[in-house]
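Asker: As a plain string of letters, each chain reads:
There are 4 protein chains.
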Amino acid sequence: MYSFRNDYSEGTHPKVLQALTDTNLEQTVGYGRDPRCQSAAALIRDLCKAPEADIHFLVGGTQANLVVINAFLQSYEAVIAAHTGHVNVHETGAIEATGHKVCTAFAPDGKLTPALVESVVKAHPDEHMVLPRIVYISDSTEIGTIYTKAELTALRRCCDEHGLYLFLDGARLGSALTSPENDLTLEDIAALTDVFYIGGTKNGLLFGEALVLSNKMPKAHFRWHMKQRGAMLAKGRLLGIQFQAILEDGLYFDIARHANEMAFRLRDGVAALGYPFPVASPTNQQFPVLPNAVIRRLEDRGYAFEAQDAVDADHTCVRFVTSWATPESAIDAFLKDLADCR
Amino acid sequence: MYSFRNDYSEGTHPKVLQALTDTNLEQTVGYGRDPRCQSAAALIRDLCKAPEADIHFLVGGTQANLVVINAFLQSYEAVIAAHTGHVNVHETGAIEATGHKVCTAFAPDGKLTPALVESVVKAHPDEHMVLPRIVYISDSTEIGTIYTKAELTALRRCCDEHGLYLFLDGARLGSALTSPENDLTLEDIAALTDVFYIGGTKNGLLFGEALVLSNKMPKAHFRWHMKQRGAMLAKGRLLGIQFQAILEDGLYFDIARHANEMAFRLRDGVAALGYPFPVASPTNQQFPVLPNAVIRRLEDRGYAFEAQDAVDADHTCVRFVTSWATPESAIDAFLKDLADCR
Amino acid sequence: MYSFRNDYSEGTHPKVLQALTDTNLEQTVGYGRDPRCQSAAALIRDLCKAPEADIHFLVGGTQANLVVINAFLQSYEAVIAAHTGHVNVHETGAIEATGHKVCTAFAPDGKLTPALVESVVKAHPDEHMVLPRIVYISDSTEIGTIYTKAELTALRRCCDEHGLYLFLDGARLGSALTSPENDLTLEDIAALTDVFYIGGTKNGLLFGEALVLSNKMPKAHFRWHMKQRGAMLAKGRLLGIQFQAILEDGLYFDIARHANEMAFRLRDGVAALGYPFPVASPTNQQFPVLPNAVIRRLEDRGYAFEAQDAVDADHTCVRFVTSWATPESAIDAFLKDLADCR
Amino acid sequence: MYSFRNDYSEGTHPKVLQALTDTNLEQTVGYGRDPRCQSAAALIRDLCKAPEADIHFLVGGTQANLVVINAFLQSYEAVIAAHTGHVNVHETGAIEATGHKVCTAFAPDGKLTPALVESVVKAHPDEHMVLPRIVYISDSTEIGTIYTKAELTALRRCCDEHGLYLFLDGARLGSALTSPENDLTLEDIAALTDVFYIGGTKNGLLFGEALVLSNKMPKAHFRWHMKQRGAMLAKGRLLGIQFQAILEDGLYFDIARHANEMAFRLRDGVAALGYPFPVASPTNQQFPVLPNAVIRRLEDRGYAFEAQDAVDADHTCVRFVTSWATPESAIDAFLKDLADCR
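Chains as they are written, first to last, in the numbering used here: chain A, 90 to 431; chain B, 90 to 431; chain C, 90 to 431; chain D, 90 to 431.
Only chain A is shown next, with the shape it has when bound in the complex (with noise of 0.2 Å):
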């Protein structure tokens, strides 16, 4: 009936396919030097009340990622990552194709934290081993957590100290700046990282990732990076329009708070029916733990969702995730089904 597989399982938000329709015959310069672009950017400056930041919009996330690490590394350096985090085991290796280590620090939560990142700087400390450059962290967490500002600022006074850089992989940007348990602001974010991006194929674009640049990263040739690595749009102006429309008047966030709300409509229904949560999610991922024999019922009556671990033998904690587009009713009608199939 309905797929609750991921937040990127239809096209865009009506908003943004009419501005991209309203634009379809200008005639634009390409690679992301077009007017829509730098509109985009100029407002993606402003909400991050950060003026001297670079904005660029890639395509993807996997794409941003590698483009980002590789950018700024110096070929003996690695990254720092939760062991959980997307560029450690969800990108078949993309960061290690352009070279780079990723060194994992155990997060049950999925948060680094500053300790965390201190063992990994200590069991690396002379020119037989890689040089931990850059903490990655994503907000929210492949499962589902969020950084609060204290946490971030910590990490922020830990990066500094030991001179590494702080990306934040905001693929869900969204629906962790709009999450009941938040208490970031994205000036916030522009202010205590490095670079980090907001998401836009997981929350109501058809792609796109706006990257954020901090005055004091070394900038002047990141668009030479972005081309070699395939990941400049022909037609950039695309990702220009689409972010400018989806930005310029809060919907971003307000869809981003309407999946979140209906991933809490499904979590306290899913609660109420006695199945356990292992991990609090405040935002629009949740993972509960259900029966196998539960789960292949509601595949047999046509819902779509993933798992995430074995349990045990009987039992999986699965993963559903809501999106801007997900409608009330298609909750409901899913807590009923889950009902009739214990």
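Bear in mind the hints are in silico, worked out from the structure with no lab data behind them. All values reported here derive from a predicted model rather than from experimental measurement. In this text, a Cβ means the ideal position worked out from N, Cα and C, and glycines have one as well. A portion of the hints provided could be inaccurate.
Taking lysine-lysine pairs in the DSS-like style, the calculated list, with each CA pair at most 30 Å apart, reads [what the hints assert, rightly or not]: (1) K308/C x K308/B; (2) K305/A x K305/D; (3) K104/B x K104/A; (4) K211/D x K308/A; (5) K308/B x K104/C; (6) K305/B x K104/C; (7) K305/A x K104/D; (8) K211/B x K104/B; (9) K308/A x K305/D; (10) K104/D x K104/C; (11) K308/A x K308/D; (12) K305/C x K308/B.
Label pairs and their calculated CB-CB ranges [said to hold, decoys possible]: (13) D249/C x T202/D: 58 to 64 Å; (14) S128/D x H172/A: 43 to 49 Å; (15) G252/D x R122/C: 40 to 46 Å; (16) R431/C x F366/A: 42 to 48 Å; (17) A369/D x D401/B: 31 to 37 Å; (18) P416/A x D249/B: 52 to 58 Å; (19) D343/D x R122/C: 29 to 35 Å; (20) E337/B x A309/D: 57 to 63 Å; (21) D401/B x T274/A: 39 to 45 Å; (22) P416/A x D398/C: 53 to 59 Å; (23) A393/B x R122/C: 56 to 62 Å.
Please arrange chains B, C and D on chain A, whose structure you already have, making use of the hints.
Answerer: Using the frame of chain A, we list chains B, C and D on its own:
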């Protein structure tokens, strides 16, 4: 007034936009495993009469080139390209960034021949040199020329003799196949090459290149290569939808033919004014030599186009590119202005 | 007084030096194509009872590891290693610098098992993850332990089941094969692995690792891989001459056995003084836990050795390594000093 | 009878062998941190009058080239080399395997000039092309020619103007500096380049290249680069000992001068027999054109040398290389045989 800078100055053909609009709220799985991509792939296999080919959809040309070349080369293997080849000069070392050398042959008309290929092969006899393994050609080429069936057949034979793969970059394949001088079909190209792509970005799509891998290639893990390079679009269906819309009733060829016709109208008008064309191009890129003073006057009137080469202190070879969207009126207005600017 | 820092503190065994001297003015072709390398290769094939194996001589271990691993992996493929594996921590990301991820399993005794290998394989099911393809093990391991024939046979079976290559890093193979607990032969290792090397640097040569590639491997272009990584020695014969000298009459094993015996003498003496050894090592590396105050006193007396791990605020697990050149008198003098330093 | 194939056909100069023998049983720390390397480094800084230079010892030329070039380039940066440059053709794509393009200029005499360098720089104006950053030259070049002080000074000025590094491959620096046509000193080269090396492999060592990094370079992590590429020798002292022995009393230059003299004796004798030399070489490589029939007869008599280029169906340009070990008698015997073979 009008930009002849390239063939990706506008958005997309209205029929494509309509197809994206019509399917916008469908839910599908991601990463190109959806029914829309499957339909488009089936259509392409039909058009190519290549029932066993694998079809993959990528966002752009540099991405397609680097993924394909890296996928089919061992670390010590290299590409053979014309000195004008896009992979040699215009991709910021994207191929080398995957670890592979681009070996070039000087090709005044932008086309490789068996003799040129063999000269490179002979210069690389042992383990102290790279081993050339893929022959990279473009059709139409970077300077507008096209391959005949006899020429492509001869290259195929040369590749077979030397154990080489033949890869055709079809970023402008529509323009090539609808050129009045063309005698190749999609079917021929599928039969004569090992891998090629049908370019969408430069022929009316928002973006997209449809890759056709012949049955002889080691294809099982091609998706791993795509993902590793950030070349797998989350909402992969966008590619399937667009290619389906443009290919299903010959629209792809109709609009390419239009672009060519506009180019010829421009060429004939420019030639009638006495300006020479050092390389004869039967496709949608035209390269006249204009006096620098004339170029400045045209730019003052708002025309945009690119310089190709300085011919002497007072003359420059420039590039005019027409597209599916170029109106006849724009050509006529330009020619009138060009006459005025003498 | 004496350095127990490593097994490559001295030059080379006198017999090897003599062989280099005797052949010094011979003229030979370069890059390992000379008769001296051919003789040494023939001898190694005999010793391994592997008449179809390819033998290559490399200068050092990191070089051997990176050339072998990159040679046998496709871009999207990865290595499986123990978390203690040399390629994981002690090679400055050399493997990642060739584009490949090192997937690790936690192995308290430094040894991989089929269960550990399978846990990694299962965690990498599709194109969103790398594909593990080579199992990397060391014998003796980085913490002195060794594989039994039963263990290596089980790993071979596991590799066959999952389509994996088995690569044995034999930097300290001499010490492993002459350990009193060893039941493997060179012949076993050649039969059970796909590729391994006989370490020379850590067992009496100036430098050199002799690589044995089994007949099942794709070997035709291995020299291309070597050259590309700067791993082909111009005066390649130096490697052939050294291996011939050390292997032809069993000297390789005699001197490895000596190193082991010195290590056991040291181990027994240290244990007799009451210091614990958390991991039992039957080879030439020994890892006792000493009080930090004792360590400082030993260092004041001029002894050199490396810290392995901090155990608590007052104790450190240290590493003592003996070599072909360690005299019994050095052990005895050390033990006397250690007793004094309590 | 005699091999003129290259200048690394023999082992090492007896004085070097003696030094290795004398120090054989010393214990030192590994990886080039030992007192022997420190002494040799101090000596080289003195000889170069470059008290702030960093000195590193590497085993071979391809290794040195790939480590240096990769260490000083960002991912999108490239090398400029003569088309004959060793890094372009004879290293199996070693530079590209580290991710960097080699941009070539056609240099008939094997030497780059400011005009050639600038032609490459101008062809790479923006982010769609690589950014040339290192100028790679060899002295003596791959075809035996050498740079004058005026030429090197002009290149230095050109590099400064364009923000380029100047890297001199000194694999055959001994032969260049002792050429009768040379007016450069080690001191000049240290002052005019950013990084260069003093080649040992081709001038009497078993192996070894001594790298001199000028004070202006970002040098702090060079050892990380070396280790990552497998270019840090475990018994690093072997390099220090050899360079000390050959450099401390001018032996390096004496034996290079001898090699040159043998080459001139050979050249003059061959020319007296009427054979032409298309490129005049003032160093230890000589390139006469011989009839193929004569070549076959010489080979039948046991002489070895390499073919450089086919001149026509009946003639080949061949390469004769002399070394520190070439006896005058070998030249005279060869010339006699050559006269016989007409």
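Asker: Check whether the Cα positions of K308/C and K308/B lie no farther apart than 30 Å.
Answerer: holds, 22 Å
Asker: Is 29 to 35 Å respected by the C-beta to C-beta distance linking D343/D and R122/C?
Answerer: With a Cβ separation near 30 Å, D343/D and R122/C satisfy 29 to 35 Å, so the hint holds.
Asker: Is the hinted range of 52 to 58 Å satisfied by the C-beta distance from P416/A to D249/B?
Answerer: Holds, at about 57 Å.
Asker: Verify the proposed pairing of K211/D with K308/A, using a straight-line Cα cut of 30 Å.
Answerer: Since the Cα atoms of K211/D and K308/A sit roughly 22 Å apart, the hinted pair holds (cutoff 30 Å).
Asker: Are the Cα positions of K308/A and K308/D separated by 30 Å at most?
Answerer: Answer holds: K308/A to K308/D is near 22 Å, not above 30 Å.
Asker: Take the C-beta atom of S128/D and the C-beta atom of H172/A, compute their distance, and say whether it sits inside 43 to 49 Å.
Answerer: Holds, since S128/D and H172/A (Cβ atoms, about 47 Å apart) stay within the stated range.
Asker: Is the gap between the beta carbons of E337/B and A309/D within 57 to 63 Å?
Answerer: holds, 60 Å
Asker: Has the given pair, K308/A with K305/D, been kept, meaning a C-alpha gap of at most 30 Å?
Answerer: holds, 22 Å
Asker: Does the Cβ pair G252/D, R122/C satisfy 40 to 46 Å?
Answerer: Check passed, 43 Å falls within 40 to 46 Å.
Asker: Check whether the Cα positions of K305/C and K308/B lie no farther apart than 30 Å.
Answerer: Holds: K305/C and K308/B sit about 22 Å apart, inside 30 Å.
Asker: Are K305/A and K104/D close enough, with their CA atoms no more than 30 Å apart?
Answerer: violated, 54 Å
Asker: Verify the CB-CB distance for A369/D and D401/B against the hinted window 31 to 37 Å.
Answerer: holds, 35 Å
The structure fails hints 5, 6, 7, 8, 16 and 21 (numbered hints given earlier, in ascending order).
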